[in-house]
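K.L.:
Starting from the given sequences, assemble the full structure and let the hints guide the process.
Chain order of the listed sequences is A and B.
Start counting the first sequence at 1; every next residue gets the next number (this note's numbering).
Start counting the second sequence at 1; every next residue gets the next number (this note's numbering).
Certain hints may be false.
[To be verified] Capping the alpha-carbon separation at 25 Å, the derived lysine-lysine pairs in BS3-like fashion look like this:
no., chain 1, residue 1, chain 2, residue 2
1, B, K429, A, K62
2, B, K16, A, K398
3, B, K101, A, K14
4, A, K222, B, K101
5, A, K62, B, K386
6, B, K318, B, K16
7, B, K441, B, K429
8, A, K11, B, K115
9, A, K438, A, K398
10, B, K227, A, K8
11, B, K115, A, K62
12, B, K441, A, K62
13, A, K349, A, K14
14, A, K14, B, K429
15, A, K11, B, K144
16, B, K101, A, K11
17, B, K415, A, K62
18, A, K14, B, K318
19, A, K222, A, K160
20, B, K253, B, K227
If you're looking for bench data, these hints aren't it; they were derived computationally from the structure.
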Amino acid sequence: MLLRHTPKEIKDRKALTINPAKTCQPIGAMYAALGIHGCLPHSHGSQGCCSYHRSTLTRHYKEPVMAGTSSFTEGASVFGGQSNLLQSFSNLFAIYDPDIVAVHTTCLSETIGDDVSQITQKAIDEGKIPAGKHVIYASTPSYVGSHVTGFSNMCASIAKYFPEKQDYELDQVNILPGWVEPSDMREIKRLMSEMHVPFVMFPDTSGVLDAPQTGFHQFYPKGGASVPDLKRSGASSFTFALGKFSSEAAGEELRKKCDVPYEVMEVPIGINATDRFLMKVSEVTGCPVPESINDERGRVVDIITDMQQYLHGKKVALFGDPDILIPLTEFLLAMDMKPVHIVSGTPGKYFMERMKEIMGDDFETGNVKNGPRADMFLLHQWIRNEPVDLIIGNTYGKYIARDENIPFVRMGFPILDRIGHSYFPVVGYAGAMRILDKMLGAIMDQMDREAPEEKFELVM
Amino acid sequence: MGSAILKDRENQIFIKEQSQGEITCEKSSLAGSVSQRACVFCGSRVVLYPVADALHIVHGPIGCASFTWDIRGSLSSGPELHRLSFSTDLREMDVIQGGEKKLERAISELGELHKPSAVFVYATCIAGIIGDDIAAVCRRTAEKLGVPVLPVHSEGFKGTKKDGYKAACDALAKIVGTGDISGIPEVSINILGEFNLAGEAWMIEDYYRRMGVEVVSVLTGDGRIGKISRAHGASLNVVQCSGSLTYLAEHMKEKYGIPYIRVSYFGIEDQSRALYDVADFFSFNPGLRTKAEEIVREEISVIMPRIQYYREKLAGKKAAVYVGGAFKAFSLIKALRLIDMSVVIAGSQTGNKNDYKQLEELCDPGTVILDDSNPLELSRFVLEKKADLFIGGVKERPIAYKLGIGFCDHNHERKIALAGYEGMINFYKEVYSSVMSPVWKFAPRNNRRKSHE
Numbered sequence: 001m002l003l004r005h006t007p008k009e010i011k012d013r014k015a016l017t018i019n020p021a022k023t024c025q026p027i028g029a030m031y032a033a034l035g036i037h038g039c040l041p042h043s044h045g046s047q048g049c050c051s052y053h054r055s056t057l058t059r060h061y062k063e064p065v066m067a068g069t070s071s072f073t074e075g076a077s078v079f080g081g082q083s084n085l086l087q088s089f090s091n092l093f094a095i096y097d098p099d100i101v102a103v104h105t106t107c108l109s110e111t112i113g114d115d116v117s118q119i120t121q122k123a124i125d126e127g128k129i130p131a132g133k134h135v136i137y138a139s140t141p142s143y144v145g146s147h148v149t150g151f152s153n154m155c156a157s158i159a160k161y162f163p164e165k166q167d168y169e170l171d172q173v174n175i176l177p178g179w180v181e182p183s184d185m186r187e188i189k190r191l192m193s194e195m196h197v198p199f200v201m202f203p204d205t206s207g208v209l210d211a212p213q214t215g216f217h218q219f220y221p222k223g224g225a226s227v228p229d230l231k232r233s234g235a236s237s238f239t240f241a242l243g244k245f246s247s248e249a250a251g252e253e254l255r256k257k258c259d260v261p262y263e264v265m266e267v268p269i270g271i272n273a274t275d276r277f278l279m280k281v282s283e284v285t286g287c288p289v290p291e292s293i294n295d296e297r298g299r300v301v302d303i304i305t306d307m308q309q310y311l312h313g314k315k316v317a318l319f320g321d322p323d324i325l326i327p328l329t330e331f332l333l334a335m336d337m338k339p340v341h342i343v344s345g346t347p348g349k350y351f352m353e354r355m356k357e358i359m360g361d362d363f364e365t366g367n368v369k370n371g372p373r374a375d376m377f378l379l380h381q382w383i384r385n386e387p388v389d390l391i392i393g394n395t396y397g398k399y400i401a402r403d404e405n406i407p408f409v410r411m412g413f414p415i416l417d418r419i420g421h422s423y424f425p426v427v428g429y430a431g432a433m434r435i436l437d438k439m440l441g442a443i444m445d446q447m448d449r450e451a452p453e454e455k456f457e458l459v460m
Numbered sequence: 001m002g003s004a005i006l007k008d009r010e011n012q013i014f015i016k017e018q019s020q021g022e023i024t025c026e027k028s029s030l031a032g033s034v035s036q037r038a039c040v041f042c043g044s045r046v047v048l049y050p051v052a053d054a055l056h057i058v059h060g061p062i063g064c065a066s067f068t069w070d071i072r073g074s075l076s077s078g079p080e081l082h083r084l085s086f087s088t089d090l091r092e093m094d095v096i097q098g099g100e101k102k103l104e105r106a107i108s109e110l111g112e113l114h115k116p117s118a119v120f121v122y123a124t125c126i127a128g129i130i131g132d133d134i135a136a137v138c139r140r141t142a143e144k145l146g147v148p149v150l151p152v153h154s155e156g157f158k159g160t161k162k163d164g165y166k167a168a169c170d171a172l173a174k175i176v177g178t179g180d181i182s183g184i185p186e187v188s189i190n191i192l193g194e195f196n197l198a199g200e201a202w203m204i205e206d207y208y209r210r211m212g213v214e215v216v217s218v219l220t221g222d223g224r225i226g227k228i229s230r231a232h233g234a235s236l237n238v239v240q241c242s243g244s245l246t247y248l249a250e251h252m253k254e255k256y257g258i259p260y261i262r263v264s265y266f267g268i269e270d271q272s273r274a275l276y277d278v279a280d281f282f283s284f285n286p287g288l289r290t291k292a293e294e295i296v297r298e299e300i301s302v303i304m305p306r307i308q309y310y311r312e313k314l315a316g317k318k319a320a321v322y323v324g325g326a327f328k329a330f331s332l333i334k335a336l337r338l339i340d341m342s343v344v345i346a347g348s349q350t351g352n353k354n355d356y357k358q359l360e361e362l363c364d365p366g367t368v369i370l371d372d373s374n375p376l377e378l379s380r381f382v383l384e385k386k387a388d389l390f391i392g393g394v395k396e397r398p399i400a401y402k403l404g405i406g407f408c409d410h411n412h413e414r415k416i417a418l419a420g421y422e423g424m425i426n427f428y429k430e431v432y433s434s435v436m437s438p439v440w441k442f443a444p445r446n447n448r449r450k451s452h453e
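P.N.:
Printed below as a string of structure tokens:
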């Protein structure tokens, strides 16, 4: 038992985090920046940060992940990182020739007080940024928020920098997809095309972190939101900010800068959230939801109907990022399942408020926690006290799943041991079908494996 | 993207019999490089990580702990405490007010939850910058818990991965010498710099045991505090890997008069020498040498016919080798030669002048030798030199695949044992399966001949 060291008895911890259900801001900023075409993320801090983020993203996507680092030394940490960053700009543009460098800070550069905006201005004044090239930056100290906050901050920086305010309005909407996978972004784009809705989406990591094998290593893969599109987003008629934690800040920046009205919606996971999203898109754009999409919805409902006896009353433990957990919980409830233990390391009061709304009475009887010490150790203790039928979360759930022999569906970040997330969405009705397929597969595989011989059934 | 070589990096690239002078190395990476290197903390973490009955608590914001949570397959035959992730998860208020109290509390909470044999407390960048007196907290909590609580001074910015190795060795040095060494025979060794990835330490320990040599401790593969505390009772330290544990070996030589030898367990030649050198050290017991010869003969006779098979398939293929320490590159070059593969690119993240000199001697003319390289350079030379195989770590794998060539992980993520005699076959098998994979038929390499014709 890998986690044999987890005691059943829960003691209050004040200072110690064990097996975190989050990570730090910079990796989120790096992921967001990769969703811009021709953008090279740059980590202003020690080399290790950049190396860890690249390694983790590489393990998650099985793709090359490129990013620069200011390579802080002891000197830089005493005298400030200005010269490192200035030198970085020169080198990055000279050798890697990006269209955009997206700088994010780290705990180190934040604490020593580096002012990235001032350093960038200096670089521009000194001619270190070639004409037509861009530098954007986000403040992402590791000791604030979580990886989700870092993603949100970089999205906000993109929204602050590129969009141009116009006195005319374009017949298009903006979609901020939130921290979802390339497959999800691809699916949202497909839904929009199906509805004939003109749109700009950013960030967009499809075509970047699911690049095809061609025999070339493309330093800047062909995907990602383009600069002209980003500029045009300032003239869009509306912004859909999906996921309060990851997209609200960017939506607000677009409104402030370009007067584009926005609405924060949930990431369209499950039937209700997808319904709300598509209805709103239809309402704003006047484009009707076509029959083809209605049929997709019908197929989801059909699956749930067919398989209700296997779904009813199943207890679920889930963990991960708030923007995913909120609609996922709603979806589980809609399928008559019982989410009983929910953990997110990402802080923010809204999470508990919204969970309370969605869960109703189940909120009081269940265990829900986010922020400090909302970690996998606590989740495991909860599960040991009240066992569940299914666990949903990132790869780190596999320890608990194995020790407690509980079916496990991988969803979230990071997934270090399976491949599907890059290619098959969890958003939209197609995503709902995939979630159903995976959940039922996991639950029924276990039934098959463990049923006594006489109860082992061919038809289920 | 032009010639893809930064001017300031020109001297860190050396082409045998074409370049003049000598390679520049052991310098900090250029700011703005997409370096494949990591930090001091990373170095300490990988060295100490396999100590399975200790608690490893990372004092800093959450990232440093979460990114190093169980990423290295160092196997344990007993406790699994090392596979958990412990952090003080420093927040903004802690950064302003100092994190000492939180650290002290966290260590106490840990002591209540688990009964560790020792606690390693890793300092991260931020702990160093806000000036927490980690050593003092460790002293106080050690008294309370009644076990060693050891600070690891691994602030990320204080150098390279190598400095992290040293910080880890400093912590280990405080454990060595605290145990009872009665009953340890004279023919005894410590195995240093072996991390038991995929169970490699167990294989190597077994060879030495069969020779009649007692292994007092392995540092740090399948490590236990109790065993490490007795390490000073051994007569010889056998050190693998160029960088990581040499500091401890030096320390033990100075303090306890224990000599050390450097070995590699990778490749038939080097593995056999690792056994012979130990036998020769204990030359007063000639039986050891005889035993070693027996083992070598026996093991080689088993694997030779299989090696022949792979040689026939792979002869003439070209490899690029880019690894952490240069010492590993030497072994890899020799191992590839044994099946008539050549190495056209050889590089490391942290080699020193001597390493690169040796590397140059070992390589064929025209081989590109690289220090602290980056993806663009690597891609460029792989294409230019028409490599069929890349040997590297996690960040190199997808680049190799995108270029349409085979890959072998010789770093943390190896899933099969590559050390020892059995490991040799595993290695060739892995190289074979990747280089000769039918998948390349579907993705013809850029401007390249087809490998299957």
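K.L.:
None of the hints should be skipped; say for each whether it holds.
P.N.:
To see whether the hints hold, each was checked on the structure:
1. This hinted pair checks out: K429(B) and K62(A) have alpha carbons roughly 22 Å apart, not beyond 25 Å.
2. Distance hint between K16(B) and K398(A) is unfulfilled; the C-alpha atoms sit about 48 Å from each other, more than 25 Å.
3. Taking the CA atoms of K101(B) and K14(A), the gap is near 11 Å; set against the 25 Å cutoff, the hint holds.
4. With a C-alpha separation of about 50 Å, the suggested pairing of K222(A) with K101(B) is violated against the 25 Å cut-off.
5. For the hint linking K62(A) to K386(B), the alpha-carbon distance of about 23 Å falls within 25 Å, and the restraint holds.
6. About 16 Å separates the Cα atoms of K318(B) and K16(B), which keeps this hinted pair within 25 Å; it holds.
7. For the suggested pair K441(B) and K429(B), the alpha carbons sit about 19 Å apart, so the restraint of at most 25 Å is met.
8. Distance hint between K11(A) and K115(B) is fulfilled; the C-alpha atoms sit about 16 Å from each other, no more than 25 Å.
9. Distance check on the hinted pair: K438(A) and K398(A) sit about 15 Å apart at the alpha-carbon level, within 25 Å; holds.
10. Between K227(B) and K8(A) the alpha-carbon distance is near 31 Å, which puts this suggested pair outside the 25 Å criterion.
11. Restraint check for K115(B) and K62(A): not satisfied, since their Cα atoms lie roughly 38 Å apart, outside the 25 Å limit.
12. Pair hint K441(B) plus K62(A) holds up; C-alpha atoms about 20 Å apart against a cutoff of 25 Å.
13. Of the pairs offered as hints, the one joining K349(A) and K14(A) holds, with about 19 Å between alpha carbons and a cut-off of 25 Å not exceeded.
14. For the given pair, K14(A) sits about 50 Å from K429(B) by alpha-carbon distance, which is inconsistent with the 25 Å threshold.
15. Pair hint K11(A) plus K144(B) holds up; C-alpha atoms about 19 Å apart against a cutoff of 25 Å.
16. Taking the CA atoms of K101(B) and K11(A), the gap is near 19 Å; set against the 25 Å cutoff, the hint holds.
17. At most 25 Å may separate the alpha-carbon atoms for a hinted pair to count; K415(B) and K62(A) meet this at roughly 16 Å.
18. Annotation: proposed proximity of K14(A) to K318(B) is violated, straight-line Cα distance about 56 Å (limit 25 Å).
19. Straight-line distance between C-alpha atoms of K222(A) and K160(A) comes to about 24 Å, which keeps the hinted pair within the 25 Å bound.
20. For the given pair, K253(B) sits about 18 Å from K227(B) by alpha-carbon distance, which is consistent with the 25 Å threshold.
When held up to the earlier numbered hints, the structure conflicts with 2, 4, 10, 11, 14 and 18 and fits the remainder.
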